[in-house]
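Can you make the complete structure from the sequences, with help from the hints?
Chains A and X are the protein sequences, given in the same order.
Taking numbering that gives the first Met the number 0, the leading residue of the first sequence gets 0, the next gets one more, and so forth.
Taking numbering that gives the first Met the number 0, the leading residue of the second sequence gets 0, the next gets one more, and so forth.
To be clear, the hints were calculated from the coordinates, so they are not data collected in a lab.
We treat Cβ as the ideally placed atom computed from N, Cα and C, and that holds for glycine.
It is possible that some hints are incorrect.
[As the list claims (entries may be wrong)] No farther apart than 25 Å at their CA atoms in a straight line, the calculated lysine-lysine pairs in the DSS-like style are these:
id, chain 1, residue 1, chain 2, residue 2
1, X, K77, A, K232
2, A, K195, X, K77
3, X, K101, A, K130
4, X, K36, A, K130
[Unchecked claim] Just some of the chain X residues that point at chain A, by a computed CB distance under 8 Å:
id, residue
5, F107
6, T125
7, M142
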Amino acid sequence: MAAPGEFRRNEPFDVERLPKLDADQVGHLRRIENLSLLLPDDWSGMQGKSSLQEDFGGLRFQLAYMSYALALTHRHRLPAAPGVFRKTFERLIEKMLSPDVWTYWHYVSTGNGPINAAQGELPAEWNPVVKDNIMYSAYLQSMALLYHYIFNDARYAEPGALTMELKPLYWGAGGKKFVYDERSLNDHLYWMMVEKGYLGIACEPNCVFQICNQVPILGFRFHDLVYGGTLAKEVTDGYLRAWSDFGIANERGHFNMMVQEIERNLIPTEAPWVDFWLGSLMHAWNPRFVEEHYPAQIARWGEPGPEGTLWVNEAPGIPASLGFTSARDFGWAAVCASEVGDAESLSKMLGYADRFLHRTWSGGGLHYRRHDESFDGEGLFSAMDPHTGNALLGYARLNVPGGLEKLYAEPWGEEHFREPALTNISDNADVLRARYERDAQSLVLTLSPRAGRDGRLRLELGNVWDRGGWSLAIDGEHVLSGGASGPGASAGAVAAKREGERLVLECSAAAPANFVMSFH
Amino acid sequence: MLDGTFSLTDHDGNAVTQASYRGRFMLIYFGFTHCRKVCPRSLACMTAALDALGDAAGRIVPLYITVDPERDTPEVMKSFLEENFPRFTGLTGSREAIDRAKASFRVFTRKGPDPEDAEGYAVPHTAFAYLLGPDGTYLTHFMDTADPAKMAGGLRDMLAKSAATA
Numbered sequence: 000m001a002a003p004g005e006f007r008r009n010e011p012f013d014v015e016r017l018p019k020l021d022a023d024q025v026g027h028l029r030r031i032e033n034l035s036l037l038l039p040d041d042w043s044g045m046q047g048k049s050s051l052q053e054d055f056g057g058l059r060f061q062l063a064y065m066s067y068a069l070a071l072t073h074r075h076r077l078p079a080a081p082g083v084f085r086k087t088f089e090r091l092i093e094k095m096l097s098p099d100v101w102t103y104w105h106y107v108s109t110g111n112g113p114i115n116a117a118q119g120e121l122p123a124e125w126n127p128v129v130k131d132n133i134m135y136s137a138y139l140q141s142m143a144l145l146y147h148y149i150f151n152d153a154r155y156a157e158p159g160a161l162t163m164e165l166k167p168l169y170w171g172a173g174g175k176k177f178v179y180d181e182r183s184l185n186d187h188l189y190w191m192m193v194e195k196g197y198l199g200i201a202c203e204p205n206c207v208f209q210i211c212n213q214v215p216i217l218g219f220r221f222h223d224l225v226y227g228g229t230l231a232k233e234v235t236d237g238y239l240r241a242w243s244d245f246g247i248a249n250e251r252g253h254f255n256m257m258v259q260e261i262e263r264n265l266i267p268t269e270a271p272w273v274d275f276w277l278g279s280l281m282h283a284w285n286p287r288f289v290e291e292h293y294p295a296q297i298a299r300w301g302e303p304g305p306e307g308t309l310w311v312n313e314a315p316g317i318p319a320s321l322g323f324t325s326a327r328d329f330g331w332a333a334v335c336a337s338e339v340g341d342a343e344s345l346s347k348m349l350g351y352a353d354r355f356l357h358r359t360w361s362g363g364g365l366h367y368r369r370h371d372e373s374f375d376g377e378g379l380f381s382a383m384d385p386h387t388g389n390a391l392l393g394y395a396r397l398n399v400p401g402g403l404e405k406l407y408a409e410p411w412g413e414e415h416f417r418e419p420a421l422t423n424i425s426d427n428a429d430v431l432r433a434r435y436e437r438d439a440q441s442l443v444l445t446l447s448p449r450a451g452r453d454g455r456l457r458l459e460l461g462n463v464w465d466r467g468g469w470s471l472a473i474d475g476e477h478v479l480s481g482g483a484s485g486p487g488a489s490a491g492a493v494a495a496k497r498e499g500e501r502l503v504l505e506c507s508a509a510a511p512a513n514f515v516m517s518f519h
Numbered sequence: 000m001l002d003g004t005f006s007l008t009d010h011d012g013n014a015v016t017q018a019s020y021r022g023r024f025m026l027i028y029f030g031f032t033h034c035r036k037v038c039p040r041s042l043a044c045m046t047a048a049l050d051a052l053g054d055a056a057g058r059i060v061p062l063y064i065t066v067d068p069e070r071d072t073p074e075v076m077k078s079f080l081e082e083n084f085p086r087f088t089g090l091t092g093s094r095e096a097i098d099r100a101k102a103s104f105r106v107f108t109r110k111g112p113d114p115e116d117a118e119g120y121a122v123p124h125t126a127f128a129y130l131l132g133p134d135g136t137y138l139t140h141f142m143d144t145a146d147p148a149k150m151a152g153g154l155r156d157m158l159a160k161s162a163a164t165a
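Here you go:
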């Protein structure tokens with residue numbers, strides 16, 4: 000053991016043995032951050048052909064799955080870097096509350112479409128969470144509770160923290176305001192789930208989708224992790240009983256899409272997006288069931304592409320006349336492969352996407368550019384939609400095998416939230432590693448300066464006081480020591496000061512560098 | 000969350016609402032007397048939990064609200080409960096009144112065939128035991144997976160909290 004302040008060329012372990020993000024993974028995170036930083040209601044890069052937010056790639060889905068991707072990356076790859084994710088996550092939740100995201104419900108709530116005409120035309124509803132519409136309400140619920148859980152921050156538990164508001168000028172007599180917080184919204188969804196016998200809450204009126212009812216289950220679990228209780232267990236037990244009337248999967252091994260609530264009629268659809276979207280989410284709480292069905296599903300829907308790649312076609316039956324062209328079947332297949340740990344298929348699909356699906360770098364971020372033609376001149380699948388290009392392929396690349404399952408079933412203990420961590424970082428660096436190595440009592444960060452962003456790096460570290468003496472090394476060179484309540488003298492490369500409970504460091508970095516803060 | 004309101008008829012023929020029991024806790028269960036498994040199991044569990052409370056059980060009114068008013072008249076409920084679960088008072092009413100009570104407690108039901116009685120029907124239902132406080136507010140509910148000891152413990156805690164805040 001080195002004495003406090005002693006020069007330490009040899010760190011207590013080999014930093015390079017720890018996994019780090021690759022350039023593409025960093026690029027996906029940067030893309031999510033860039034989109035989150037757009038001004039309110041600027042949806043540049045997130046808009047597909049207009050479906051008035053009805054389709055399954057609408058803004059709410061992009062925002063939600065980008066937030067899930069952040070959470071999974073934090074949980075599994077950069078556990079000691081809440082500061083990389085937190086503000087971006089907050090901005091995504093803020094965007095979820097925009098009327099652009101939820102006012103579709105005013106007309107979708109009237110129903111009377113081709114598969115939900117049983118009730119006729121219903122009164123238009125403005126409140127997007129009060130009834131049905133689990134395809135919005137549960138994403139908001141799960142995002143807020145997931146935020147609370149992974150950042151240990153109750154900001155969305157404050158009264159009115161999840162308020163949806165419209166301020167019209169020429170109609171509406173004072174506007175619309177729907178006031179919730181994470182607990183009131185969660186309670187509301189829970190009791191709706193009870194009232195439905197756990198079969199699920201409808202998306203569009205009379206349409207109970209299995210997929211969208213996985214999302215409140217995730218939210219209930221995050222609720223239980225924060226507040227205690229067994230809502231998720233209760234609901235999943237009830238869900239299995241309720242769906243035994245219809246079958247979660249059909250006799251051919253494909254997952255059932257939806258039930259018409261009033262008629263209690265199963266809509267028999269087989270489609271890759273149903274299999275893979277449901278599989279990706281249900282794997283959180285029913286992993287063996289999903290893994291049992293996945294091999295046959297990927298065998299049916301996966302198609303060999305050039306040079307050993309793999310692709311998945313758009314679902315049959317989507318009417319081209321509506322103008323919907325998407326790669327979401329492909330995107331969800333990649334996500335599901337990542338979740339069940341099918342590394343070979345995932346690699347092949349990402350390989351196809353990288354070659355043929357309009358891979359684009361923009362502002363340091365990686366995404367796949369929208370493309371409205373399904374096939375190119377050589378007959379290769381070439382469609383790309385914003386949801387797949389911004390969220391799903393990034394999610395797939397950032398996830399780890401069983402990522403959602405572990406997020407759900409293997410929660411962080413209280414000790415995690417007491418460990419040293421990077422709580423904030425200036426916007427001129429990416430974080431490739433961030434782990435607290437318990438055995439070595441060392442916080443390990445690998446930082447990479449962003450191209451075109453000059454200036455000194457500024458880091459804020461939390462949970463570093465009252466742990467004894469410490470030393471900080473950059474690429475193995477000792478630069479700073481400190482004690483239980485403040486930093487000591489710097490070797491010059493790093494400026495350090497205590498601000499409240501945080502240790503603030505400033506330094507220059509021209510290339511990726513390993514920061515190791517070791518406690519003695 | 001839950002209104003916890005009802006306007007029904009008890010098994011002695013008296014018109015009652017939630018206000019009729021003000022000042023005492025209410026332990027409310029929705030079911031139907033033709034129920035073969037879930038209701039008897041839950042009613043037995045609640046009875047055992049109340050037995051375990053001893054004298055303190057006197058602070059709780061156990062109520063059994065039917066979801067099958069077409070068959071569960073006051074007379075049918077009284078006979079069923081006095082014979083099997085005498086701690087409970089049965090409540091019934093018109094279909095509309097029952098539906099309002101169900102909605103108030105967010106109770107799920109679905110009328111369907113009874114596999115053991117081709118001429119009859121079954122009404123699978125939410126199997127919660129709701130606990131309302133002396134002022135009629137919803138406090139908590141117990142799942143049908145709770146055992147008597149666990150439920151008794153929960154009831155005891157709620158009674159103690161009420162006493163502490165009174």
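A quick look at each hint next to the structure:
| no. | hint | result |
| --- | --- | --- |
| 1 | X/K77 x A/K232 | violated (36 Å) |
| 2 | A/K195 x X/K77 | violated (30 Å) |
| 3 | X/K101 x A/K130 | holds (17 Å) |
| 4 | X/K36 x A/K130 | violated (32 Å) |
| 5 | F107 | holds (4 Å) |
| 6 | T125 | holds (6 Å) |
| 7 | M142 | holds (6 Å) |
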